[in-house]
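Visitor: With the hints as constraints, model all of the structure from the sequences given.
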Amino acid sequence: MEENIAVETKSESRHFIQQAIDADLASGRFQSVQTRFPPEPNGYLHIGHAKAICVNFEMAREYKGKVNLRMDDTNPLKEDMHYVEGIRRDISWLGFKWDRECFASDYYEQLYQWAEKLILDGNAYVCDLTPEEMRRMRGNLTEPGENSPFRSRSAEENLELFRKMRAGEFEDGSKILRAKIDMASPNMNMRDPAMYRIQREHHFRTGDKWCIYPMYDFAHGQSDSMEGVSHSLCSLEFEDHRPLYDWFCEKLGIFHPRQIEFARFNLSYSVMSKRKLLEMVNEGHVDGWDDPRMPTLCGLRRRGYTPDSIRNFCTDIGISKRGQWIDIDRLENCLRKDLENKAPRVMAVQRPLKVTIKNYPEDQVEVITANNHPTDESFGTREVPFSKTLYIEQDDFMEDAPKKFFRLSIGREVRLRYAYYITCEEAIKDADGNIVELICTYDPESKGGSTPDGRRVKGTIHWVSAAHAVDAKINLYDRLFTLENPEPSNTQKKKGKTYLDALNSESLVVLEDAKLEPFLKDADLETRFQFERLGYYIRDSKAAEGEMIFNRTTSLRDSWTKKG
RNA sequence: AGCCUGGUGGUGUAACGGUAGCACGACAGAUUCUGGUUCUGUUUGUCGGGGUUCGAAUCCCUGCCGGGCUGCCA
Numbered sequence: 000m001e002e003n004i005a006v007e008t009k010s011e012s013r014h015f016i017q018q019a020i021d022a023d024l025a026s027g028r029f030q031s032v033q034t035r036f037p038p039e040p041n042g043y044l045h046i047g048h049a050k051a052i053c054v055n056f057e058m059a060r061e062y063k064g065k066v067n068l069r070m071d072d073t074n075p076l077k078e079d080m081h082y083v084e085g086i087r088r089d090i091s092w093l094g095f096k097w098d099r100e101c102f103a104s105d106y107y108e109q110l111y112q113w114a115e116k117l118i119l120d121g122n123a124y125v126c127d128l129t130p131e132e133m134r135r136m137r138g139n140l141t142e143p144g145e146n147s148p149f150r151s152r153s154a155e156e157n158l159e160l161f162r163k164m165r166a167g168e169f170e171d172g173s174k175i176l177r178a179k180i181d182m183a184s185p186n187m188n189m190r191d192p193a194m195y196r197i198q199r200e201h202h203f204r205t206g207d208k209w210c211i212y213p214m215y216d217f218a219h220g221q222s223d224s225m226e227g228v229s230h231s232l233c234s235l236e237f238e239d240h241r242p243l244y245d246w247f248c249e250k251l252g253i254f255h256p257r258q259i260e261f262a263r264f265n266l267s268y269s270v271m272s273k274r275k276l277l278e279m280v281n282e283g284h285v286d287g288w289d290d291p292r293m294p295t296l297c298g299l300r301r302r303g304y305t306p307d308s309i310r311n312f313c314t315d316i317g318i319s320k321r322g323q324w325i326d327i328d329r330l331e332n333c334l335r336k337d338l339e340n341k342a343p344r345v346m347a348v349q350r351p352l353k354v355t356i357k358n359y360p361e362d363q364v365e366v367i368t369a370n371n372h373p374t375d376e377s378f379g380t381r382e383v384p385f386s387k388t389l390y391i392e393q394d395d396f397m398e399d400a401p402k403k404f405f406r407l408s409i410g411r412e413v414r415l416r417y418a419y420y421i422t423c424e425e426a427i428k429d430a431d432g433n434i435v436e437l438i439c440t441y442d443p444e445s446k447g448g449s450t451p452d453g454r455r456v457k458g459t460i461h462w463v464s465a466a467h468a469v470d471a472k473i474n475l476y477d478r479l480f481t482l483e484n485p486e487p488s489n490t491q492k493k494k495g496k497t498y499l500d501a502l503n504s505e506s507l508v509v510l511e512d513a514k515l516e517p518f519l520k521d522a523d524l525e526t527r528f529q530f531e532r533l534g535y536y537i538r539d540s541k542a543a544e545g546e547m548i549f550n551r552t553t554s555l556r557d558s559w560t561k562k563g
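Residue numbering for the first sequence follows numbering that gives the first Met the number 0, beginning at 0 and increasing consecutively.
There may be inaccurate statements among the hints.
Stated by the list, open to error - Calculated pairs, DMTMM-like style, for lysine to aspartate or glutamate (alpha carbon to alpha carbon, straight line, at most 20 Å):
(1) LYS472 x ASP394
(2) LYS353 x ASP431
(3) LYS357 x GLU444
(4) LYS387 x GLU444
(5) LYS208 x GLU168
(6) LYS387 x ASP470
(7) LYS341 x GLU331
(8) LYS77 x GLU39
(9) LYS541 x ASP470
(10) LYS341 x ASP523
(11) LYS275 x GLU483
What the hints assert, rightly or not - What follows is a list of derived Cβ distance ranges for each label pair:
(12) ILE438 x SER558: 27 to 33 Å
(13) ASP500 x ARG455: 50 to 56 Å
(14) GLU382 x MET80: 44 to 50 Å
The set of hints was computed from the structure by calculation and includes no laboratory data.
For glycine and all other residues, C-beta sits at the position ideal for the given N, C-alpha and C.
Guide: The following block contains the structure:
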């Protein structure tokens, strides 16, 4: 035992954030680790957020530290309690527990006091420039900005003005509090950035108490600081804000967390910006935030994704500073890997084709015992009725079948899973030439899936007894977009193209008359099933009471149709 | 255009001046009462050009390409 401990295990490679934290702990800059996840409650969390959630929660866990959930609610215009609840629900569903729930709005008074301090120290001033003037004087990417004419106001005057701003003595947008830094800075964020704006807007938590609201840059770092966050792990877009984050902490002389940025990822055949997701919801391109095609966590949940699969995915794609393009297959593979071990197997027919077994006794019903999982016996067994009239999958019959088609065709024999071998004798067609029924014979000696003569059949297909079948509707979901990157190029944009032009018109196919084995009649809303040979399915959580609607989470891997 | 930042097989990620490795995918074979699963094997890479060095994915210069930045959004 003791020797084992002494054995040097090959150290796992550590990503740049772990290395940074290791160094901070070693140098004594921080004694312990605390992180935070700081969403703005103005929309629902999506798979991209899941990565940020995993990074912050996992780092805290790894270093035995704490994590705060902080609502970054500094813009009353867009935020709502409704979103707060959604965020809590989604993070909990992912399986994470935060140590403390915080709101930036709880810090408004303290932030205000700090703003006064900055004014007194000559580090902030009230500016009367209009938004347009301010934009113009900020300069641009190549040219420095010019100082505001109000930049040299005295501390006393600034303080008085700022207090009047708070007291509501000025019109919305007529004045603004700015940090006095450097209008010539190559970093735009340092060109006297806005700290407070006047905005008479009802805030969902502070009501009408305030008419001035702090900007992100003036709220975020200090919020981290107040909460004792050691490592503020965020995405790369905030890299240019770090100097400002640091500047405020230094000028205020407060606890100074370290911000570290990592790359977000893009998912192929999907979009991830809140703006676009909101637009798709509002314009009715999808059913809502929780439409099973959406990359939102609530959408993925309704689609049938497991929390584990999403967490594994986040671990899987790793963490770096390089822009990641992740193939959506990768997410699906994580799901399949997880569900392979978790999903009980059942039989269901999506597109039914009637089969009559002509030599099977008319009124006979046999009860067949089927395994609920091919390798894990703890799933147990269930009983499946078998009778003369069945449904099989339309895809499992082909009239002029190629040699490698291991399914049913005239004169060919297949195994009905768990039941008998059948041979197709005849295909009955309707007036339009569509095959509507198959007449087959069965080998009574093949019960259980093998025969005394030991002959082998290449194919095994699933089936449902017609008389016992449960009718159901199945929603087949596919990727929302037809393009790997739905975002049009600049030249395409000039022609008026938008990401919406890449919407996949076949992202939802509804199958109205699926047939399920009777076992599924009482399926609960939480269980993800594998419909054998088809894929993974879950009951739609939004279906009306008693309504049988299944959502296909993902299909099984398929090395046959790919070739064909 | 300026500043910041990044570039390793198809994808993602290691290697921190000393054997380019891992995962996923793809492909091939074996097993299989799911064309699934599982197992085995194969394949493909340091953005280009210079330099420093005994030795460069790694350090330097330069070019090219990608991402971010010109909100009183976060």
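Visitor: Against each hint, give a clear statement of whether it holds in the structure.
Guide: Against the structure, the hints come out as follows:
With a CA separation close to 18 Å, the supplied pair LYS472 and ASP394 stays within the 20 Å bound. The straight-line distance between the Cα atoms of LYS353 and ASP431 is roughly 17 Å, inside the 20 Å bound, and the hint therefore holds. The suggested pairing of LYS357 with GLU444 holds, with an alpha-carbon distance near 16 Å, which does not exceed 20 Å. About 16 Å separates the Cα atoms of LYS387 and GLU444, which keeps this hinted pair within 20 Å; it holds.
A C-alpha spacing of about 14 Å is found between LYS208 and GLU168, which places the hinted pair at or below 20 Å, so the restraint holds. At most 20 Å may separate the alpha-carbon atoms for a hinted pair to count; LYS387 and ASP470 meet this at roughly 18 Å. With a C-alpha separation of about 15 Å, the suggested pair LYS341 and GLU331 falls inside the 20 Å cut-off, and the hint holds. A C-alpha spacing of about 9 Å is found between LYS77 and GLU39, which places the hinted pair at or below 20 Å, so the restraint holds.
The hinted pair formed by LYS541 and ASP470 meets the criterion: a straight-line CA distance of about 18 Å does not exceed 20 Å. With a C-alpha separation of about 15 Å, the suggested pair LYS341 and ASP523 falls inside the 20 Å cut-off, and the hint holds. Distance restraint check for LYS275 and GLU483: the Cα-Cα separation of roughly 16 Å lies within the 20 Å cut-off, and the hinted pair is therefore satisfied. The given range of 27 to 33 Å is respected by ILE438 and SER558, whose C-beta atoms sit roughly 31 Å from each other.
A hinted range of 50 to 56 Å for the beta carbons of ASP500 and ARG455 is consistent with their spacing of about 51 Å. With their beta carbons about 49 Å apart, GLU382 and MET80 fall inside the hinted range of 44 to 50 Å.
Of the numbered hints stated above, none is contradicted by the structure.
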